[in-house]
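Protein chains: 2
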Amino acid sequence: MTFNQLYEHILAKKSFLCVGLDTDINLIPEFFKDTNHPLFNFNKGIIDATAPYAVAYKPNSAFYEAFGAQGWNELEMTVKYIKENYPDIFVILDAKRCDIGNTAMMYARAFFETLNFDAVTLSPYMGKDSVMPFLNHDNKWAIILAATSNESANDFEFSGEEPLYLQVMKKSMQWGSIDNTMFVVGATRPQMFESIRKICPNHFFLVPGVGAQGGSLQEVVKYGMNSHCGLLINSSRGIIYAERGNDFAEAAGKAAHALAEEMAAYLV
Amino acid sequence: MTFNQLYEHILAKKSFLCVGLDTDINLIPEFFKDTNHPLFNFNKGIIDATAPYAVAYKPNSAFYEAFGAQGWNELEMTVKYIKENYPDIFVILDAKRCDIGNTAMMYARAFFETLNFDAVTLSPYMGKDSVMPFLNHDNKWAIILAATSNESANDFEFSGEEPLYLQVMKKSMQWGSIDNTMFVVGATRPQMFESIRKICPNHFFLVPGVGAQGGSLQEVVKYGMNSHCGLLINSSRGIIYAERGNDFAEAAGKAAHALAEEMAAYLV
Chain A
1 MTFNQLYEHI LAKKSFLCVG LDTDINLIPE FFKDTNHPLF NFNKGIIDAT
51 APYAVAYKPN SAFYEAFGAQ GWNELEMTVK YIKENYPDIF VILDAKRCDI
101 GNTAMMYARA FFETLNFDAV TLSPYMGKDS VMPFLNHDNK WAIILAATSN
151 ESANDFEFSG EEPLYLQVMK KSMQWGSIDN TMFVVGATRP QMFESIRKIC
201 PNHFFLVPGV GAQGGSLQEV VKYGMNSHCG LLINSSRGII YAERGNDFAE
251 AAGKAAHALA EEMAAYLV
Chain B
1 MTFNQLYEHI LAKKSFLCVG LDTDINLIPE FFKDTNHPLF NFNKGIIDAT
51 APYAVAYKPN SAFYEAFGAQ GWNELEMTVK YIKENYPDIF VILDAKRCDI
101 GNTAMMYARA FFETLNFDAV TLSPYMGKDS VMPFLNHDNK WAIILAATSN
151 ESANDFEFSG EEPLYLQVMK KSMQWGSIDN TMFVVGATRP QMFESIRKIC
201 PNHFFLVPGV GAQGGSLQEV VKYGMNSHCG LLINSSRGII YAERGNDFAE
251 AAGKAAHALA EEMAAYLV
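Protein chains in written order, with the working numbering: chain A, 1 to 268; chain B, 1 to 268.
By construction, these hints were calculated from the structure, which means they are not laboratory data. Careful: at least some of the hints might be erroneous.
Identical chains share a label here; the pair holds if one copy fits it or two copies do between them.
Dumping the calculated DMTMM-like pairs for lysine to aspartate or glutamate here, alpha-carbon to alpha-carbon at most 25 Å [as the list claims (entries may be wrong)]:
hint, residue 1, residue 2
1, Lys128, Asp24
2, Lys13, Asp88
3, Lys33, Glu113
4, Lys140, Asp24
5, Lys128, Glu162
6, Lys33, Glu76
7, Lys33, Asp247
8, Lys171, Glu161
9, Lys170, Glu151
10, Lys13, Glu262
11, Lys128, Glu161
The following block holds chain A by itself, in its conformation from the complex (with noise of 0.2 Å):
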């Protein structure tokens, strides 16, 4: 997908949610759990409620791999059944992977072509030749942490004379372009983007930490939003998990729709 067909579907849909599908076997609905497929039963139930207010959908691979072949198998069916059912919906492997040249490639083989994600999140801690794989292939996007919205954040990413968000941020911002890289940036310091919208004004960012953890939307797109929008939003429990029982997918729907309306406001 492309920087103005993203831009575009946010503008068509009035919205710049992002749904994580951080589906968990203890969590869900328990008639799921006899059936042959109960990750992506659940997910398809989260995603055909939630595809009209949201532009992107991110699985984080965790989930999934928790469950063995059989899980990522369901990762494979949850990304094919977006893909024919709501084609014009970003997705993104929620994975920060993080190694060398050669098991790069591997890894963009992987999310790209065996499971045709459009997005892959990456740590960035190894450096540019764990990150320039993913950017060679065309409409594909690299999401490389910067300002990650967890508590223990602090030990590293936000350390030194000229924290190492920021020097990530900086010199990761030359390895690619606004078309295929994106950076994560947590909800939870909203005036952050404000220094950071400096350096960086163009790029999309991943922001995680709206809801559950405490980050204000008001405030991130007060400080964060650009001309093109700039922000995907994305809300993983407050979403999926919002009714645990049989109205699951209806409580889905109805807390992406209210993030959905708040964000059509910011639009404008």
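Fit chain B to the given chain A structure using the hints.
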């Protein structure tokens, strides 16, 4: 596996060799490609030929994920085969994962419970809460990236007044102990081991970069070995692709034997 079990196995086998199972479908002998489980069948040949000389195996998850659910299944078959036939061998998943607490917990479940690995490699970018869930499983290990052997390690790991890799080691040494934490330190800068051993005298280091990447075993041992060996030297391509035809297993065995013989001399 405990620290002492690993050390005793090193003394018994007179080797501290880890064989990296970076099994690439495009590099294995042609005749495997027509079998149902090409990656596993190749690994089985390599494992049986090299097990007399190795104390650890290290499959890299990327090479299996590139094959989708089938690859994941062959990864499961590989770790199961090693555990059933060579139960004293330490098995590492080279996964370099990196995620927030609740997700890291899912990865720990995936690798330590679903797959029964002894250890997993982790990227420390997101800090403590991305590592801790791997440290509360009895006799399981987190192997944290510190100073890697790739060229672009210079981008971030070696930058800063106090280089990031030293910050990572100093801080993360406090999260666990020598019984559940190792560090990845590349062989390509062997003198670096001298200063690293001053701050981290007792931990095991997993050392890639000997052989194909140009690191010298002799130099790494000189600066990096401690009273309990403290080193697992990884070789991947130099062993598993020593010969690409029918004699691949015999050639891998010879290459592993040669490295182990050199190691035995250093262990006296």
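Alpha-carbon proximity context of Lys13 and Asp88, limit 25 Å: The answer is within: 11 Å in one copy meets 25 Å, while 57 Å across copies does not.
Same-copy or cross-copy closeness of Lys33 to Glu113 [CA-CA at most 25 Å]: between (30 Å within a copy, 19 Å between copies)
Status of Glu161 relative to Lys171 across identical chains (alpha carbons, at most 25 Å): The answer is both: 16 Å in one copy and 18 Å across copies each meet 25 Å.
Identical-chain pair category, Lys170 with Glu151, by Cα at 25 Å: both (23 Å within a copy, 19 Å between copies)
Within, between, both or neither, where Lys140 and Asp24 count as close if Cα-Cα is 25 Å or less: Answer is between; shortest inter-copy Cα gap is 23 Å, intra-copy 27 Å.
Status of Glu262 relative to Lys13 across identical chains (alpha carbons, at most 25 Å): within (13 Å within a copy, 64 Å between copies)
Up to 25 Å CA-CA - Glu161 versus Lys128, copy category: Answer is both: 22 Å inside a copy and 20 Å across each meet the 25 Å cutoff.
Up to 25 Å CA-CA - Asp24 versus Lys128, copy category: The answer is between: 23 Å across copies meets 25 Å, while 33 Å in one copy does not.
Intra- versus inter-subunit Cα pairing at 25 Å for Lys33 with Glu76: both (19 Å within a copy, 23 Å between copies)
Copy assignment of Lys33 with Asp247, given that the CA separation must stay at most 25 Å: For Lys33 and Asp247, the Cα distance is within 25 Å only inside one copy (16 Å; across copies 47 Å).
Alpha-carbon proximity between Lys128 and Glu162, which holds within one copy, between copies, both or neither at 25 Å: both (19 Å within a copy, 21 Å between copies)
When held up to the earlier numbered hints, the structure conflicts with none and fits them all.
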